[in-house]
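Visitor: Residue numbers (the working numbering), protein chains in the order written: chain F, 1 to 492; chain R, 1 to 356; chain P, 1 to 362.
One thing to keep in mind: the hints can contain errors.
What the hints assert, rightly or not - Computed footprint of chain F on chain P; a stretch qualifies when at least three of its residues, placed anywhere within it, have a C-beta under 8 Å from a C-beta of chain F: (1) 22-35; (2) 130-143; (3) 146-155; (4) 179-188; (5) 203-217.
To be clear, the hints were calculated from the coordinates, so they are not data collected in a lab. Predicted, not measured: the structure shown is a model, and the values here were computed from it. We put the beta carbon where it would ideally sit given N, CA and C, even for glycine.
Spelled out from the first residue to the last, the chains are:
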Amino acid sequence: MSVLSKMYESWSWIRKEILSQVSGKVAFVLLIVLIAISVYAAILMPPDYTKYWDVGSKWVDNPYNAPPEWASYLGYTCIPQTSYDLRTVKPGISEVTGRVVFTYNITYDLSARDYPQGLRIRANIVVPQGVRNARMRVDVIKPDGVRLPAIIDVYVDLANTSLIDLNLDKPEGIVTAVMSAYRDLVRFLSVEDIYIFPMKYIFGNLSYSETLKKVETTPLPGKYVFVIDFSFRAFNIQPQDILRSIEKSKEFSLLIKGTCYGLMGTDYKGRDLAEGLFYGFPIALAIGLLVALAATAIGVVAGLVSGYYGGFIDELIQRTVDVMGSIPLLPILILVAQSIAKTYMGEDKPIVMLTAIFAVLIIFSWGGLAIIIRSMTLSIKSELYVEAAKAVGASNLRIISKHILPQLVPYIAASLVYSTPNAILTEAGLSVLGIRHGFPTWGNILAEARQNGTISQWWWILPPGFLIAIVSLTFVLLGLALEKVVEPKLRR
Amino acid sequence: MSNVKLEVNDLRKYFPIRRGLIEVLSGKPPKYVRAVDGISFEVIEGEIFCLVGESGCGKTTAGRLIARLIEATGGKALYRVSRNVKEMIPEGLLTNGDYVNLLEKLPGSVDKALRLDIQIIFQDPYGSLNPRMTIGSVLEEPLIIHSIGSTKEERQEIIYRALSEVKLNPPEEFVERYPHMISGGQRQRVAIARAMILNPSLVVADEPVSMLDVSIRAEILQLMLDLKALRNLSYIFITHDLAVANYICGRIAVMYLGKIVELGPSDKVINNPKHPYTIALVSAVPEPDPSNRTKIREVPIKGEIPSAAAIPSGCRLHPRCPYAMDICKVKEPPMIEVEPGHQVACWLHTKESTPS
Amino acid sequence: MCSVGVATVLARRAVFLVLALLIAVFLTGFVLGATGYIDTIINSMINEEVRAYRQALLTSPQKPSAEEVEKLVAQRKQELIEYWGMDKPWQARIIPMVLNTLILNLGRSPSPEVTNVAGLQPNSLVSDVIVACLPRTIFMITLAEAIVILIALAVGPFIVYRIGSFIDRFIVAYAALMNAFPIWWVALVMLLVFSYDLGVAPKQFRPVITHINAFLLGELSALIGVLSYVWLPIVTIVIVLSGPWIYGVRAMLIRIVKEDFVTAAIARGLPEKQILRRYIIRPAASPIVTNVLLGLAGTLGGYIITESVFDWPGMGTLYYAAVTTGDAQTILALTYIFTLVYVIARFILEILYVVLDPRVRL
């Protein structure tokens, strides 16, 4: 029988044992789901994920601290992200004092009783040569008829370029717009408040409150009309040509940021938590398995050598494990991680830190398995059939690999199962503690949530920890089911 | 010398006893268990040579020493290697042409080559087979180790033949089975097949039938005899059961506390024992004739066998021997030939003949 | 009982335990030095002092010239470098610290964050800081673990007599669940729910210092104050740890329950209590006592994250504060204490093994 079929036999026997129990069944299902999601996420993961997660530019369009889209069922007023691709909108074309004006009328229906988080206009357009002086002006006509003039009003000089590259995410002109629209409230308006919370003034109903002695805003649902005047000075250029260049451009859009986003909401940087949590799966599994495999491998080798060859190396290994068992792991781990965090400033800092953490974890965890393997090896070594194998000429290597190792499989499996969640938990624990390695793990998300979030952002704080716990649970259940295999006396 | 397969001289194995730190520091000499304390014998080619004795006499250790499963403390064991094995042994290790000292430290390749020539059958038929391996794998292992049979089919053929040889038919059925699926007798047949599969010329059989049901013993013993005739084997047969020894052995050496006390052709030793210990052993054999059951038998020995760590001075048997004399307490008796081929180590007989 | 053999065995164990202790402290020192962490801290300290000195010089009434200022500053910097031993390799700085720690000359803590945890002034004696923080950890974590152990020892035997029953399976499921959830996460959730959401527990835990100090000075009524702070952490720990502990005790007892001599006792019709006491618990005492002692000993340094989540002013938070501020004295001292307690616990166990398990006596 080949080695492979022998191993397959051990594994299928173990699998049968595991599946024969409730805990094993549950664990198996969870494990399959876990692996499936991880593989899927690993395939889809963008190559530079670490940097990408950290850098803000990708998330700029998302609302900050937004609960998930289904939070409306929990009573949250959810405004969805609404985006208008202005390249497909036919503007009204007019000519005013030598300028070509494209007027876009966008109707935005605000149905929820809340303020959108922001608005943004982005344009990346290559206009024909000869176009000068582009101007973008945005007015808002509120449902109650109030018109806020020029909440955005920018000029783009096109003397040396044909590229209009705009990213307007603040209504710069909001203060003057509100002032001019609400002349009778001018005395009571707080410029600072308008500046800090422009959305309240765009999408709200302003009224003077006698009791508070200041202007109050209440959400104003209804149909809003955004009047976007995109105008150019163009000599001898047909408006149609400019229009065509707009239609063919890379981007020209109006975005009204909602208050809810995505499957799992966003964090304080607007990052899509669903994505972060999703890509965290393979990372978590990788961390767990890496450490577990290394620690198990070292433990098995050490245990085998120790038990089989005995003598000085046996004493050495035993004493080493003994001594290491008395040294406190957590303090040393924290110290190592923090020391590196504070002294290493290289580009690959996350990797270096993670490697250091793993190294400490591995060094401290191989011992337990080594002792068990050693005692198993000793007992098998003294069996008669091992002597019989020697009598027919088996080498030490053969005896170890053919006669001893197959019997160690349950212990190896148990060790892998037990150590995998350990690494994930420790890494997360260190992050929560505040020792940040920067790698986008669940622990990282949890740590940021703890630092920058409050209880009201439950969608940020709870899921990462919950996922960590679920992964951990999978392995704990698996270990429970494996116990029967490893400890026959516990069999009912 | 030419038909001597194995010549053992003063074979010794001492096991050191673990001592505490204090004892080491106090300068007391280390203690040993003298399991085998200087035994000498010859095994003639094609004979069945028996080592007989009670538990603890050292016979099993002696067998293991010959089979090169433990390292000897002293002595020489010159073994005449078969022709095919001789080719694999470098000239320098051979004495008198064909003989190798089994008790030397030999290089790995020589050790491995010797396994093709000397094999062992163990006492425990269950313990000697790995319970997690099929019969087929158990038998294939020696072939793989020695690169016999270059394809799976070739090895399969050899295995089938080996199983047929030990009357486990049909062999196709047996190769798939695990040890716990077959009976004790069948397992021992597998062990015998494993010993035979490398075509050895000397087989050490360490109490091969002691753990089998009495009814099966005769079958297995007969199998071993048939194989010996078929393959021209020499056996070193170890047993504590004189009845078995009587059935199968050519020559017997009776061991007590690590030494051979009597040696000779089995019918002479069993029917005309000279050493008091042999006499006691023989008289302790259960009497098969029912009409003799009323005869009160006295086993002419007292007490129990002492520990091998505390061997009595002089003749080892003296505390238990009904015929003990003063000299027995002081001096060890030499091995003397009392009849042709029949030797004894006892002060009772020494005066009667010349030292051999 | 006290034969020479036993004494030699104990002596050997003691040697290795002391070795472990030494290695732990030297390892800590090594990490501090080799990563350059301690140097980073000292350098920033030196630069800080130099900057302050330069500032003082520039604003001093004597109005020294720019060259004079630079010369004096350079001189001062050199002095500081020599004082802190920065002109020698890191071993020269760390090794005296390590040796001092080993003889319990623990030095002073220069870090305000660290002394803050203790509630003392900066530059207090490290020993004072540790003595201040110790009771808080004991009141919280050690106490909680003790409660858990008592629960486990009470429930364990009860369960083991009813293996396979519903309550038994429930306990096993509960233990599995609690084994999976990291204690610091449950602590986070508990805090969020009870302190922030429901408001029935305090949000800040540092104020417990006054209550504990009062209690230690003899004012028994301060205990109520202590309880009002400590109940949430203790409840959290008890919820999370009892599962695995009960499971552990159960596992240890099962091994013995399966033995034939227990079956024989049951067959003889002995009452349950007697069987438990004489036949089951006595042989199980060895592993149980091991876990109890080691568990309690580990409460000092094993719950750093949990303490930090609660911002509880105990040994764990102290250690973390020391690590983040690079307070080498405190780091070394704490590592020493953590390991020392553990090592002493293991040595006591060795002695107990001889008493409890007749087979060991040989």
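Visitor: Compare the structure with the hints numbered earlier in the document and write down the numbers of the violated ones, lowest to highest.
Guide: Those not satisfied are hints 2, 3 and 5.
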